Amino acid sequence: MARVEIKNVTKSFGATEVLKGLDIDISHGEFVALLGASGCGKSTLLRCIAGLEDLGGGDIRFGNKSVINIAPSKRGAAMVFQSYALYPHKTVAENMGFALRIDGTPKPEIERKVGEAAKILGITPLLNKRPRQLSGGQRQRVAIGRAIVRAPEVFLFDEPLSNLDAELRARMRVELTRLHRRLDATMIYVTHDQVEAMTMADRIVVMEGGHIQQIGTPDDVYARPANIYVAQFIGTPKMNVFKLSSYLHLQKQLPSAVANGGIPHTIGIRPEDIREDASGALKIGATLELSESLGRERLYHGSTVAGDELTIASHKEMSLQVGQPTTVSFNRGQVHMFDEKGIRLDF
Amino acid sequence: MLPVQHRHETWVFRGLLTIFVFFLLMPILWMLSTSFKAPEEVFLKVPTIIPEEPTLRNYMRALTETRILTYLYNGLIVSMTNAALTTVLAALAAYGFAKFRFKGRKSLMFLMISAQMFPYAVLLISLYPFMQRTGLFDTRSGLILAYLVFAMPASIYILFSYIVNLPDELIEAARMDGADEWLILRELILPLLTPGLITVFLYSFMWSWNDLLYSLTLISSETKRTVGPGLLLTFLGEMEQDWGAAMAGSVIVSLPIILAFTFLQRFFVQGLTAGAVK
Amino acid sequence: MALTLPALCLFVLFIFYPFLRSFGLAFFESTLFNPDPVWVGLQNFHDLIQDPTFHRTWTTTLIYVLVTTLLTVMLGFFWALILNQAFTGRTIVRTVTILPWILPSTVTAFLWAWIFNGQFGLLNAVLKGAGVIDQAIIWLATPSGAFVAVVIAKVWLSTPVAMSFILAGLQSVSSEEVDAAMMDGCGAGSIIRHVIVPHIFPTLVIVFVLQAMANLQQIDTILAMTRGGPARATTVLSIEVYQKAFQEWNMGLASAIGVAWFFTIAIPAAVYLHSVFKRV
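Protein chains in written order, with numbering that gives the first Met the number 0: chain A, 0 to 346; chain B, 0 to 277; chain C, 0 to 279.
Keep in mind the hints are simulated off the structure, nothing from the lab. Nothing here was measured: the structure is a model prediction, and the numbers come from that model. Just to be clear, a hint being listed does not mean it is correct.
Keeping only pairs whose Cα atoms sit at most 35 Å apart, straight-line, the calculated DSBU-like set for lysine-lysine is [what the hints assert, rightly or not]: (1) Lys19/A to Lys98/B; (2) Lys315/A to Lys98/B; (3) Lys98/B to Lys106/A; (4) Lys89/A to Lys105/B; (5) Lys73/A to Lys98/B; (6) Lys6/A to Lys19/A; (7) Lys282/A to Lys6/A; (8) Lys19/A to Lys89/A; (9) Lys89/A to Lys223/B; (10) Lys19/A to Lys102/B; (11) Lys112/A to Lys98/B; (12) Lys98/B to Lys128/A; (13) Lys6/A to Lys237/A; (14) Lys19/A to Lys282/A; (15) Lys44/B to Lys127/C; (16) Lys128/A to Lys106/A; (17) Lys89/A to Lys118/A; (18) Lys73/A to Lys105/B; (19) Lys315/A to Lys282/A; (20) Lys19/A to Lys105/B; (21) Lys282/A to Lys251/A; (22) Lys6/A to Lys44/B; (23) Lys64/A to Lys98/B; (24) Lys44/B to Lys73/A; (25) Lys237/A to Lys340/A.
Here chain A stands alone, though its shape is the one from the complex (with noise of 0.2 Å):
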């Protein structure tokens, strides 16, 4: 069983804190992603867990066993490194094949696991090449080969996409997910791609200067940010946030206070959710600027009457007078409301 414990670590370079106090549990065969923007913690996080470096504080448990006195190979995790870091010297056999050896498993038994491997990720023919005769989707597979190959209860992804073109990333999204089925065993996938993230986890963790933001599902990251950090985060374009003081018309229609006695401050709405006119119940003077076309929809670019940036996606083709003064809209419901500190408040 490898239920994933992360509890109270905390880790220091020098006199920066890193990681600042984080508690994540990862069931077994949960598909976990550690989500945020660079250099906020989620590798760092990652290498403790899978051994490289040290804990300043706290306790990773596998399946209720820590294991922070444990060496990395013991631990039972296989980890895929964002440069691959296969041995340009060793046959793709040889990668995959190495952990066995040094742990001496006989050789019949290593090829068979091996092929095995290899037959999962559709890399067979590519056996006996060496890493720099490969593409850089066939390399990302003998990475993840030499990870299945030792039959790990706990995957450790480090972005490991993020050296590969865009369709082929898409590609691998897919097969990654389908791995992950095929495999039941934990993922933990550290990336800062929110579209990898949304796509295959079945959590998200935000991360950000150290800290968690939000643990949820993709879904409920998405409709229920827990801040605005993560709102603004997550979804792209991203949310527009308007503070309530500029717009008094907007804080009459909307509750002065909410159940838990939180005060709205800043309110803040989806681009697909604002309509280009006075349709909806909360209305808003704006100008758009420029408009510019992603085949399946349209985003137009502007401000509002208070001067805050206004980002509108349509799919509809507008009659918009660029540079004319109109009137946008959007539905209460759609509204995400966040009090002085950014914490979602909910109706």
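Got chain A sorted already, so can you dock chains B and C onto it with the hints?
Frame of chain A; chains B and C shown alone:
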């Protein structure tokens, strides 16, 4: 690359190219030419560029009438051993410096690399009595150890640059795979370091093969002499008379280093310049 | 740490210890007749300062180092510029012209001694043939002639070294920058001055410093060509130390010269080591 478009620029370029090639190669060609000339031809008032009657007599004389074969043998033993020793020790030290953080790491490395600026002749003043006391004087082993100062500091730095540029992730991957430090060094670092090791081997081989000063001072018996002093002391007295044989001898002792260089020159130049420029 | 231990042991035994001992010996009198060192304090240094021939050695050394180093770096730079161009046979030219670098120093000395030979040397034959001189010059027997000869021999052997380092630097100059300068109407000359030299200036400095250090150390070719003569015209510090120590067996005085010499090398060495350790 510079733009060379106009006709006069092309001519200037070709002219400069020719002058440089002439300056760098003429002495060597002249050595070859002289080495194939009969004595009468060597001493013509107006020298011939190409030997009119090429002969191998100078080579025969150099090989049979001098101890040049002994010098070659000694030179090979001393240079190979020194190169091997330097390469192994420098690789270990460089790996230690590059991938481990220990106290005094920087100052120790600084001290070792700065050893290349110690004046060699000054070192010799104390090495000489030291070798005599320890019985290493006039032995090949003594010479091999004394040669460490030539190539070792630069070698440590060259290999250090190589290892530092190996991605940490590679070593971490091996650690995740369960490899211990020795296995990482043996299976990962050393194979990946091969070009650097060849560079360093060649570099230290060149230093010991080409040395004159140390061998001249620390070896006294003719049977242990290496090529530098061997050549000098053989032809010094009679140089005025026998330039043909001196040039033939020069060609012979240059051959091993030229051969090594021909096969491995790719490693040599790239390896040596990679660390210094960037 | 343990990995560096074998190297460290040999360093201490064969480099650091003898070096420090030589340093200390500068404060003793130790000669062939008095092999047991006697403490004399600063006497050796005092003798040196008083000694006009030592002043001469100093001047000779500085001129030798400066002239040789400047010539080497300049020739290396232009040679590297030439080899950075595309032309047929470039690889073979680049490979073959490395040869001066790798030949044994005795061979280098022989080559040039033969070319500068007064009676049958190539140089005299060429100069006479061209009508520049009518009488053969006995180069190695005249002070200035011998000096020119040892300088040329060293420049010849180091030009490929300097070229290799500078060429590596040149190859890191982005071709886009050169293209941009061309679009701005620069010719070859102004591209060299305004794009290439500023770009590889750090490399040029390093090469200069490395060469200056090497030239301060240079002894083999001079020893084999002139033995410091004639009339001490080619006696540089290294030759002086060697002769004081191993011909006159005056170890104390030789060490004192060595100390002065060391501090001279230390200046370029400090520049070099500083640049090395920026990257550690």
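Here is how each hint holds up against the structure:
no.	hint	verdict
1	Lys19/A to Lys98/B	holds, 28 Å
2	Lys315/A to Lys98/B	violated, 58 Å
3	Lys98/B to Lys106/A	holds, 32 Å
4	Lys89/A to Lys105/B	holds, 33 Å
5	Lys73/A to Lys98/B	holds, 22 Å
6	Lys6/A to Lys19/A	holds, 11 Å
7	Lys282/A to Lys6/A	violated, 46 Å
8	Lys19/A to Lys89/A	violated, 40 Å
9	Lys89/A to Lys223/B	violated, 44 Å
10	Lys19/A to Lys102/B	holds, 28 Å
11	Lys112/A to Lys98/B	holds, 33 Å
12	Lys98/B to Lys128/A	holds, 29 Å
13	Lys6/A to Lys237/A	holds, 32 Å
14	Lys19/A to Lys282/A	violated, 41 Å
15	Lys44/B to Lys127/C	holds, 10 Å
16	Lys128/A to Lys106/A	holds, 19 Å
17	Lys89/A to Lys118/A	holds, 19 Å
18	Lys73/A to Lys105/B	holds, 33 Å
19	Lys315/A to Lys282/A	holds, 19 Å
20	Lys19/A to Lys105/B	holds, 32 Å
21	Lys282/A to Lys251/A	holds, 12 Å
22	Lys6/A to Lys44/B	violated, 93 Å
23	Lys64/A to Lys98/B	holds, 31 Å
24	Lys44/B to Lys73/A	violated, 82 Å
25	Lys237/A to Lys340/A	holds, 19 Å
Hints 2, 7, 8, 9, 14, 22 and 24, counting from the list given before, are not met by this structure.
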